[in-house]
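> One-letter residues, chain by chain:
Protein chains: 2
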Amino acid sequence: MTFEVVGKNVNRLDGVEKVTGRAKYTDDFFERDMLIGKVLRSPYAHAIVKNIDTTKALALEGVEAVITYKDLPKIKFATAGHPWSLDPSHRDIDDRLILTDKARFVGDAIAAVVASDELIAEKALKLIEVEYEVLPHILKAEDAIKEYAPIIHEERPNNILSTFGSETGKIEDDMKNAHKIFKGVYETSIVQHCHMENHTAYSYVDSNGRIVIISSTQIPHIVRRIVGQALGMSWGNIRVIKPCVGGGFGNKQDVVIEPLVAAMSLAAHGKPVRYALSREECFIDTRTRHGMKIKFNTAVSKDGKLLGLDIENLVNNGAYASHGHSVAMSAGGKFRPLYNFNSIKYSPTTVYTNLPVAGAMRGYGAPQMCFALESHLDDIARELNIDPIEFRKANLIKEGYVDPLSKNVVRSFVLPECIDKGKELIKWDEKKRKYKNQKGDKRRGVGMACFSYFSGTHPVALETAGARIVMNQDGSIQLQIGATEIGQGSDTVFGQMAAECIGLPIDMVHVIETHDTDITPFDTGSYASRQTFVAGAVVKKAAMEVRDKVLTFASNNCGLNKDELDIVNCEIIEKRLGRRICSLEDIAMESYYDRIKCCPITSDTSANVRMNAIAYGVTYAEVEVDIKTGEIEVLEIYNVHDSGIIMNHKLAEGQVDGGVSMGLGYALSEQMLFDEKTGRLLNDNLLDYKLQTIMDTPTINSAFIEKYEPAGSFGQKSLGENTTVSPAPAIRNAVLDAIGIGFNKIPMNPQSVFEKIKESGLVYEGEKENV
Amino acid sequence: MTFEVVGKNVNRLDGVEKVTGRAKYTDDFFERDMLIGKVLRSPYAHAIVKNIDTTKALALEGVEAVITYKDLPKIKFATAGHPWSLDPSHRDIDDRLILTDKARFVGDAIAAVVASDELIAEKALKLIEVEYEVLPHILKAEDAIKEYAPIIHEERPNNILSTFGSETGKIEDDMKNAHKIFKGVYETSIVQHCHMENHTAYSYVDSNGRIVIISSTQIPHIVRRIVGQALGMSWGNIRVIKPCVGGGFGNKQDVVIEPLVAAMSLAAHGKPVRYALSREECFIDTRTRHGMKIKFNTAVSKDGKLLGLDIENLVNNGAYASHGHSVAMSAGGKFRPLYNFNSIKYSPTTVYTNLPVAGAMRGYGAPQMCFALESHLDDIARELNIDPIEFRKANLIKEGYVDPLSKNVVRSFVLPECIDKGKELIKWDEKKRKYKNQKGDKRRGVGMACFSYFSGTHPVALETAGARIVMNQDGSIQLQIGATEIGQGSDTVFGQMAAECIGLPIDMVHVIETHDTDITPFDTGSYASRQTFVAGAVVKKAAMEVRDKVLTFASNNCGLNKDELDIVNCEIIEKRLGRRICSLEDIAMESYYDRIKCCPITSDTSANVRMNAIAYGVTYAEVEVDIKTGEIEVLEIYNVHDSGIIMNHKLAEGQVDGGVSMGLGYALSEQMLFDEKTGRLLNDNLLDYKLQTIMDTPTINSAFIEKYEPAGSFGQKSLGENTTVSPAPAIRNAVLDAIGIGFNKIPMNPQSVFEKIKESGLVYEGEKENV
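Read top to bottom, the protein sequences are chains A and B. Residue 460 in the working numbering is what sits at position 460 of the first sequence, and the numbering runs on without skipping anything. Residue 1454 in the working numbering is what sits at position 683 of the second sequence, and the numbering runs on without skipping anything.
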């Protein structure tokens, strides 16, 4: 299959406007007499609000409204950005109010002020008098499940959010038959998304009483639903508009600020109110990546065959449910179609603690599990004295594999080729030889890690997408898609797909940038690396409908059967002769203006995609560890992806750059640090929170082995989240290779690395050598 | 046929936002660093631009660009807001440039300045140095056709724009067979629309090089085309957005300012530029109603039967073609299906003069012809000593009549009933008796006049309309229609239609207010009283498609045939048993979230309406004429309409209020006065131009005789323009009745009335009585 536009390095359609500063984000819009909303946050990690007195705040000139839980509907709602389920047992957990009467973490929203400007709003916050009854708090997951632990959600019997797991095969048999059972415990930290644009929204009530919300979100249609649910309003009376979005990474796949900004406007008689989080607020009151503690018991045969995998996973979910149970499930699911285990038993325990809320973040549980599993496999290989690459390759699944739980089928599988490609790129064998007997302070090593990932959520959740195409008089088109551009480049890829099907150059495709739930075709949003795969299906469907309508007009004019016709570069041609029949513009003009046949060409359609495609990949890293400082430098890093046909290499490389950068931070420096005594976040800003900067980042290399995936509308599979899954374990395994120490906890920052080096005696040894 | 929502007095959907000032018009939007565009206008009615020096203007700080015809494409284009025709012979006349090199009226646009603010722009205009070669000018139509008259458009052989007329029957035979041939000459003045919101627009070039125009227009999709044509750009690269519009009356059915505002932005490197006309500019450089001089030769039989009508019409079109030929044609066409003439010969001569451009205005030629014809008929009746009502009734066409030229069929006809109703309402017979032998200074009389009008332009032009409906999760819908709300209430009526078909209360229909050519379904715009009739057809089509999809879901669930099901007030019911099956919301939720059947319900469709429906009506007026001052007071006025089923009585009454008010001004006070020497407009503002105020206006009464029109989707016919057609001759005939003087020229302002009274000797006579 050859493509004309798909697969080409088309420039981002929104590139120029974004680099010139003309693109409009939520904060670039404003309404006349816009008010400012601010939130009073709990200073305590766990406390009952005994009393609130807002009298003084309300009396301040310029204050329009002060609201507390007393002023709002007593409706508990769920914030996770999932498609609604008609089956009540598949719904998210309704455990929060818009403003709470019980603080469950430092920063929990207690009251809100609406004022004419920010200064007055800040002043008013200080005038709100709150009497708290402070309760003992829990920060660690282990503490949450202790007997007599304080209960965070009083309506529940304990702090366990979910223990829903899975089991395939017969784990007891495999454990019995094992040559050896390997054990391992791996731990990941709580980290934050750090998208460039903080959560920001504004809202007003229109003259017909409908609530309008302009928000930086990944999921406008879901925001509509959840605001409706939180406020007890009919969903059709909520309208959500999404302008350009400056990143989300899953943090905006949660309905975090929209119910409150709507409530603020309602309290201010429908006037427009802006509620924009500061970076500090974004750190504490949005979502984090779950810290997990993963324990393995792995049954391996004598010949190094992986037999059974018994996993326990203790997941720290923070104060509210959000995506909790689902992320834990995903952690136990995404890796399943990778190695050919006979049996996998997965037992997660997701618990509430008095920490900021964990939710969706790029990889959705997979980076944690991949770090654990791929570290564990290297540990096993090392113990068995098998080459870690050969060990993995010997245990990989094969094309045609059917995941026993999801029933998703592996229809394309070139991970072995990816592994070979990465090995070659990083010069694995050469470096292995070279680094065999290192001495000195700085030691180098190479490591790798594999992953598998799904394309969307099928069959766990609904996968529907909508698209609309309108053809103009010159044959150019507008494309409206429900799938949400949040910076990843999806609009460009969808534009390529439409251009491909209709035979247009890309500059004749105008993708509608702003989403408005009133008119944008329905789509559940941007998450689960579903866009190119799921929404790609509907873009193709809509474009093929437009193409068919064009060819019907042409066929009616020239008498030839539609099958004999094609559209090539804006011309209708007779396929077999290559003969030009007329221009696409001729047909478009006829569709608009013919007195008899007039019928402008559009398509407005949806696709219910009841398939999945499993994508794969591998990271290779080379590191240098300074055993005197504990500093790890990543010298080279390669991600090689099995993501089917790549729609746009430039954009794909961009995904890898971003995902690997996130993986580097995850491996080496990022973690949210909490004061044990108070539960307060100590590093709530980008100075103290150690995000990787460009100075810390090596050249990030990517390669793609492209094999047509039959389930993809253009042979494509997922890529977006995939890129961030395997860097951390690859780096960890490279460090193991370099200095012989396996770090089972990330981040491997200089302090933790140095402590372990010291503990191991390596420094002393090193010192001796240098003498 | 009974309706639940259609025909009800639903409040305007945009009512609250408009009375509270929250509705957003073009001037309520702005872009960062918006520039201001201003135009240098010719002080001469007819002059060649010999030289322009813009150096000084360009040098002024704050000036971004100065443009003249030299900077713009040399493309002549037409501005009339008609659907494009694939047949070149049916197109409008391309006779103008965006900026001209030859001034053809005082106010013609010579150069434009783009500056950072209005003051600087005004200053810069004064710094532009223009050298003119002044030519002799023509203001009167009679002068335009004289031999050796100066030629206004040098590429043409003379000043005649069009003489395209029509002939049905054999006029010579009827003239030969006539008992008597009546002659009459009637003349109307040039008037202006005076919509509340002047023409205003702003434009910028987006990052992909597409021109975006936000404009107060009746015809966004046509603006797109004409801007493309004027600038020589592909139409798909133009995007036009229409916010709320503060009236148009046909003046915004012309592409007046948009090509220039786009050119201004292009000259300013794509920055946003606002170009808003002042009231004074709006008077001179938009469009006017054509002044016409209509001559009749009317053949009448012995028994008062109208046999043949021979019409000459001299039409003053001003400086550019605009709608010229088309308005003249319409003047000769709209009245045809009213009286049962054997033959009608219509010979218009539309000429260029050096006056502001005449174009479309509510009634589109019909008010002129109706004034002439209905005055003429009263004159004939008077001479034949027949009651003017009986005279008309005896000559009316009958249901089933087929217009010999258009082939439009009269499928519903209750004008006779309207005539009777109006006669009764005004107490005609009683007043006729009472006013028989009046003496004194103030004399009263009653008069009436009939009209016929089309619903849209079929078969003259394409009549297509588009609509899109999106159903929300709660069963409420959004309705996007191409038909343009410009203040007339069409959005409300379309909302009612959709609600009717889908079984919704009106507050569950959300009509999308802003039009955007990128996504709004195609429609040629708001004109020709086509909206309710033509766009009504597509709203019904779309709503019935949505209804069908809902019932298909329901039928699949319950097993009953779709025909057995209905939607009543948001419930799906089994028709025959009246049994509730489920709620509409259940179906909508299923359409969004069912894992298998998911397929959100939408419709995106168009209708090519190849039909017309002829509407009728009559005005009755009672006046009191002060023969000492020449002042005419309208004491009572009634419009009775045959417009099929009325969709919304409140809105229909609003149309009558506005249309009759316009008719009152047309009859009594409005006229644009030009200085003969210079061609300059003397009354270019609302103080000197005598628009009727609320103080001048009697209670305007309306009545409707409703008969289902089979061609209308809900039995409806046109109404909007109709209301303004017959008031002027009704008033004129009432004056004739009061004082025995027939005014053959409007406006009948005190000066002209008094002059004629004096001339007639009536004042002297009156004086005697009083002694």
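Hint data in this document are derived by calculation from the structure and do not stem from the laboratory. Even for Gly, the Cβ is constructed at its ideal location relative to N, Cα and C. There may be inaccurate statements among the hints.
[To be verified] Calculated pairs, DSSO-like style, for lysine-lysine (alpha carbon to alpha carbon, straight line, at most 27 Å): (1) B:Lys1178 <-> B:Lys1320; (2) B:Lys1320 <-> A:Lys24; (3) B:Lys1042 <-> B:Lys795; (4) B:Lys1320 <-> A:Lys549; (5) A:Lys541 <-> B:Lys1312.
[Claimed, not checked] Incomplete in silico selection of chain A near chain B, CB under 8 Å: (6) Thr68; (7) Tyr69; (8) Phe182.
> Hint by hint, say whether it matches the structure.
Taking the hints in turn, this is what the structure says about them:
With a C-alpha separation of about 37 Å, the suggested pairing of Lys1178 of chain B with Lys1320 of chain B is violated against the 27 Å cut-off. Restraint check: the Cα-Cα separation between Lys1320 of chain B and Lys24 of chain A comes to about 37 Å, which exceeds 27 Å; the hinted pair is violated. About 22 Å separates the Cα atoms of Lys1042 of chain B and Lys795 of chain B, which keeps this hinted pair within 27 Å; it holds. Restraint check for Lys1320 of chain B and Lys549 of chain A: the C-alpha separation of about 22 Å stays at or below 27 Å, so the hint holds.
The straight-line distance between the Cα atoms of Lys541 of chain A and Lys1312 of chain B is roughly 23 Å, inside the 27 Å bound, and the hint therefore holds. With a least beta-carbon distance of about 29 Å to chain B, the hint placing Thr68 of chain A at the interface is violated under the 8 Å criterion. With 8 Å as the threshold, the beta carbon of Tyr69 of chain A stays out of range of chain B, its nearest partner Cβ sitting at about 26 Å, so the hint is violated. With 8 Å as the threshold, the beta carbon of Phe182 of chain A stays out of range of chain B, its nearest partner Cβ sitting at about 39 Å, so the hint is violated.
Consistency with the previously given hints fails for numbers 1, 2, 6, 7 and 8, ordered from lowest to highest.
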